[in-house]
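J.: Now for the letters of each chain:
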Amino acid sequence: MKKMMDCIRECPLLLMIAVSALVLSGVAYVKVLLGDYKFNVTLGHPMLTSVLLDEEIATIGDATPNDATATDAISYLPEQTEEEKTERSDETTTEKPVKKDDKNKDGKDKENDKEKDNSKDKDNKDKNNKDKNNKDSKDNKDKTNQDTTEESTLGGGTAKTTEKAERPTQYTNIEKRKSRNDCYGDIDKIALTTDYPYEKVKGDYFKDALFIGDSRVEGLALYSGIDNADFAYMEGLTVDGMMTERIAEVDGSVMTLPELLSSKQYKKIYVMLGVNEVGYDTDYYVSNYIDKIHEIMDAQPGAIVFMMSCMYVSTDYSNKDDIINNDNIDDKNNGIASYANGINLFYLNVNTAVSDDNGGLKKEYTWDDIHLQAQYYKLWEDYLLEHGLNDNMWE
Amino acid sequence: MVFSSMEFLFRFLPIFLTAYFITKPAYRNITLLIGSLIFYAYGEPVYILLMLISILFNHFVALRIKRFYDIEVYSEIDCSFERNCWFITSMIFNFGLLFLFKYMNFFIEIINDIAGTALLKEVAITLPLGISFYTFQITSYIIDVYKLKYQADTSLLNFATYVAMFPKLTSGPIANYSDIRTELTERKPTLDDVEKGVALFVMGLAYKVLLANKISHLWTDVQTVGPYGINTATAWLGSWGYSMQLLFDFMGYSLMAVGLGLIMGFHIPDNFDSPYMSRSVTEFWRRWHITLGRWFRDYVYIPIGGSKKGVPRMILALFAVWTFTGLWHGADWNFLIWGLFLFVVVLIEKLFLKKALDKVKILGHIYMLFMIPFSWTIFNMSDLHNLVLYIKRMFGMTIEGSVLTKAMSKLILLGKTYWWLMLICIFCCTPIPRKLIDKYYKTWTCKIILLVAFWYSVYQIADGGANPFLYFKF
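Residue numbers (this note's numbering), protein chains in the order written: chain A, 1 to 395; chain B, 1 to 474.
For the record, the hints were derived by calculation from the structure and aren't laboratory data.
Lysine-lysine pairs mimicking BS3-like chemistry, simulated, CA-CA at most 25 angstroms apart:
| id | chain 1 | residue 1 | chain 2 | residue 2 |
| --- | --- | --- | --- | --- |
| 1 | B | 308 | B | 354 |
| 2 | B | 188 | A | 3 |
| 3 | B | 406 | A | 378 |
| 4 | A | 363 | A | 176 |
| 5 | B | 442 | A | 2 |
| 6 | B | 392 | A | 378 |
| 7 | B | 406 | A | 207 |
| 8 | A | 2 | B | 24 |
| 9 | B | 406 | A | 362 |
| 10 | B | 435 | B | 214 |
| 11 | B | 188 | A | 2 |
| 12 | B | 442 | A | 3 |
| 13 | A | 320 | B | 102 |
| 14 | A | 3 | B | 24 |
| 15 | B | 121 | A | 320 |
Reference excerpt, derived from the structure (chain B facing chain A, CB under 8 angstroms, subset only):
| id | residue |
| --- | --- |
| 16 | 199 |
| 17 | 225 |
| 18 | 447 |
Where is the CB? At the ideal position from N, CA and C, for every residue including glycine.
Full structure from sequences and hints, please.
T.: Below is the structure:
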């Protein structure tokens, strides 16, 4: 007993750490038992979950980062209601007539087949989604409903502009590459740049353009020759941060993206994101990404949005990392590309300008295996200049 | 399992410490050894065998050497041949393994470069965790036993505990057997030591998590651009950032090791003595990674002749020390170049410069302000092409194809982001924080600050664990 007292008197720091750890852990375990917290296997300790869960819900919304060890990762993906399922199938059927047009024009049966494959893939994905998410809260359902309404309005929008032919994304098939982590699937195709007779344009093309993205876009802002466009970028930007972070600095004032979009009208909006969130499940990432793209399009009805492919990392890096690798990036790119319509939403596969034969960022172009070195941002700019649209697209 | 991980802080450490203090003092070495083996096996489930074999073999050799000395004393038969044989076998065994696992591929690469073709195939082996550290500790023990500095320990348990002790197993300090010899058999842990150990551990943890991990972004940020897009000032800023990262990473880890040792009743030697306050490279290396410098001094520099046998001998000794120091840090060309660079600098200092630097104190600090980041730049980049470009940039030489129009705004951006962190780092480079801890660790103010630092560090680690991309911001 005397010894105990000595311990308490002599080692208060150790004691305080131990006691606070015990209390926090205890509270967390009780909360887990009560069902307030979910035991997160990635962290392996409910205390940490308790410290972090609130924040996680606040910032990441309903995503759980995927980790190789996260066997029991809670799936937060919005549940697909029956409604949406029918919606999606509608979507695929509405695509068919367009395809027929294409077929008549080009007379290429093969492409048609490919398209069929794609829609099949999509259906499968939807099913997977559904299977995955059985235990979700009401909030998510509400959110899904919102999503569906949004999507249907968009569908209406496309119907109005029927005179401009829709140009669905096409894919090139590749040898199947196996997935190395649950956050993405096997890859057997790569999305191509939206099919369009692009024109070579001059630098003034960017005078009414806005670029949004992460540190790679920062590099484009600082080291390419583009000096007449607006940029909204932040290191480590994710899809979630895009709408909330104060990323836009235009004419000296700093603001969030929605503020910028409501204050200035653009004709071209370029987006590159993804490398900071490749660890999330592809389906979640894609739906979240497309939601945000739609928000941008709603705020800027007169603009055409260009989704730039998330840029590869170098082949060396890709081979070493099970999450941050080019297969995963391809999977995510394929997902967002499938929403491009060639009317007001384009997909640009920027990677064609900077990759090597192995489908990775060319080693000599990069120093840290992830970013272009300053002098090579010109390649990216040149690619964008070669992929200009004809003015009548905005009419 | 690194010290700054959730597994260590909230699983291994509490369980281990409870077990350790429940055990009767006489059996605590067993608990410590088992704990250390579990700690090692968690990271190296296969190579733990290598370490165990190494321990067993070297213990056997030490006993043989001791036995031949005993025979000599009692029967006056000259056994120096047997002794030498065992000693040399042990050296070949220890350094052979180190060579095989650490330098084989580098060696093969050199041979292939000379031959011009792929003459030899690279072997597929990975570097066993902590092999550089435990090899140096084992060899120091064998050499000391051979030189009769102290008697070999007859207890395998003691020797194994000395080598495998988890606080210093993976990243040092390279404690000599004589440092902890008495404490291995009989240590009298006081509660005061425990408390101080906790304080040092928390301080180390905060250095690692709150300073090193944070300031590391500065260097990654410079790296994203490459030498073509930065100006000279940014190049230096990046190198300073990297220097800070390196210091707090390593110093933090060493402090944690010393703290853990104290909690268990061991006085593991300090590894850092505010190295960035040095006024010459020679002094710097007496204050940076002290235990490694001591190893090279005792077992390379002095045996070759040191500074007492004339200038040519000294040059040879320095050359050997710095070549090996370079290679010890890694098997690559840049480490070799780095070691040779330090050799030249230390030599120049010893011959001429030291006198001048000693006269004007401020001159020494300014000199080191550039020498430290410059030497770490060589240390840092194993891609020689980039290294040359970066050094060119540091010295303001022109690089063809640079894009420098926005280089200034990048510098301003970096400065705006990191100035306060840099200031904290500079403050922590001085001996003041450590002195404050040593003096005030018993006061409640200090305890509360440390408690907050601990939980803030834990929060940061957990945040990084929950979000694997926290340290991955592009």
